[in-house]
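**Student:** Residues per chain are reported as follows:
Number of protein chains: 2
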Amino acid sequence: MKARVLVTLKSAVLDPQGKAIEGALRSLGVPGVASVRQGKVFDVELDAADPAKAEATLKEACEKLLANTVIETYRIEFVG
Amino acid sequence: MKARVLVTLKSAVLDPQGKAIEGALRSLGVPGVASVRQGKVFDVELDAADPAKAEATLKEACEKLLANTVIETYRIEFVG
Numbered sequence: 001m002k003a004r005v006l007v008t009l010k011s012a013v014l015d016p017q018g019k020a021i022e023g024a025l026r027s028l029g030v031p032g033v034a035s036v037r038q039g040k041v042f043d044v045e046l047d048a049a050d051p052a053k054a055e056a057t058l059k060e061a062c063e064k065l066l067a068n069t070v071i072e073t074y075r076i077e078f079v080g
Numbered sequence: 081m082k083a084r085v086l087v088t089l090k091s092a093v094l095d096p097q098g099k100a101i102e103g104a105l106r107s108l109g110v111p112g113v114a115s116v117r118q119g120k121v122f123d124v125e126l127d128a129a130d131p132a133k134a135e136a137t138l139k140e141a142c143e144k145l146l147a148n149t150v151i152e153t154y155r156i157e158f159v160g
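Top to bottom, those sequences are chains A and B. When you line the first sequence up against my numbering, it's residues 1 to 80, in that order. When you line the second sequence up against my numbering, it's residues 81 to 160, in that order.
Isolated chain A (complex conformation):
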């Protein structure tokens, strides 16, 4: 089973990397970009065929490793 996990900063958290990208785009002459926030995406292949088991595995992976749940949120999407 394939899934995609999207990990993004909570909206209240400042994103210095995003700010740096905004500045770089401006200096590269790319117009009209008001703001940028960067996150992580994980494409995960799971052995389990059962969606409930797969979801439990992914939640455990996010809570333990993929996301810092103090400042980040994660969203699990099953693919195909």
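One should not assume that every hint holds.
Computed list of lysine-lysine pairs in DSS-like fashion (alpha-carbon distance at most 30 Å, straight line) [stated by the list, open to error]:
1. B/K120 <-> A/K64
2. B/K133 <-> B/K120
3. A/K40 <-> A/K53
4. B/K144 <-> A/K10
5. A/K10 <-> B/K99
6. B/K120 <-> A/K10
7. B/K133 <-> A/K2
8. A/K64 <-> A/K40
9. B/K144 <-> A/K19
10. B/K139 <-> A/K2
11. B/K82 <-> A/K10
Okay, the calculated beta carbon distance ranges per label pair [claimed, not checked]:
12. B/S115 <-> A/K59: 17 to 25 Å
13. A/P31 <-> B/A114: 38 to 46 Å
14. A/E72 <-> B/S115: 16 to 24 Å
15. B/S107 <-> A/V70: 16 to 24 Å
If you are wondering where the hints come from, they were derived from the structure by calculation, not from laboratory data. Ideal Cβ positions, reconstructed from N, Cα and C, are used throughout, including at glycine.
Given chain A's structure and the hints, the job is docking chain B onto it.
**Tutor:** Just chain B now, kept in the frame of chain A:
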């Protein structure tokens, strides 16, 4: 206008970071993860209200900065 840009490694490219995450999940006792590939996600807010202009701006941003098009591919999704 809001958009999400997903940047992922081309499938033929080895992902050492993904391999490291697989190993870490195994040692953390998270079962049943066959493979992990990591990418980047950018949530971008654009001044332009015209979708065509916004798409052109995002393509330029990806080609110039957000993606290394030699080893990565990018996908643009408009949000809301």
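**Student:** All hints are to be evaluated individually against the structure, with a verdict given for each.
**Tutor:** Outcome of the hint check:
1. B/K120 <-> A/K64: Given pair B/K120, A/K64 holds - Cα atoms ~20 Å apart, limit 30 Å.
2. B/K133 <-> B/K120: This hinted pair holds, its Cα atoms lying about 23 Å apart.
3. A/K40 <-> A/K53: Distance of about 23 Å is within 30 Å: holds.
4. B/K144 <-> A/K10: Since the Cα atoms of B/K144 and A/K10 sit roughly 27 Å apart, the hinted pair holds (cutoff 30 Å).
5. A/K10 <-> B/K99: holds, 27 Å
6. B/K120 <-> A/K10: holds, 16 Å
7. B/K133 <-> A/K2: violated, 34 Å
8. A/K64 <-> A/K40: holds, 15 Å
9. B/K144 <-> A/K19: This hinted pair holds, its Cα atoms lying about 16 Å apart.
10. B/K139 <-> A/K2: holds, 27 Å
11. B/K82 <-> A/K10: holds, 17 Å
12. B/S115 <-> A/K59: 17 to 25 Å: At roughly 18 Å between Cβ atoms, A/K59 and B/S115 fall inside 17 to 25 Å, so the hint holds.
13. A/P31 <-> B/A114: 38 to 46 Å: With Cβ atoms ~43 Å apart, the hint holds.
14. A/E72 <-> B/S115: 16 to 24 Å: 22 Å Cβ-Cβ, so the 16 to 24 Å window holds.
15. B/S107 <-> A/V70: 16 to 24 Å: Because 22 Å falls inside the window, the suggested range holds.
Going down the numbered hints, you'll see the structure goes against just number 7.
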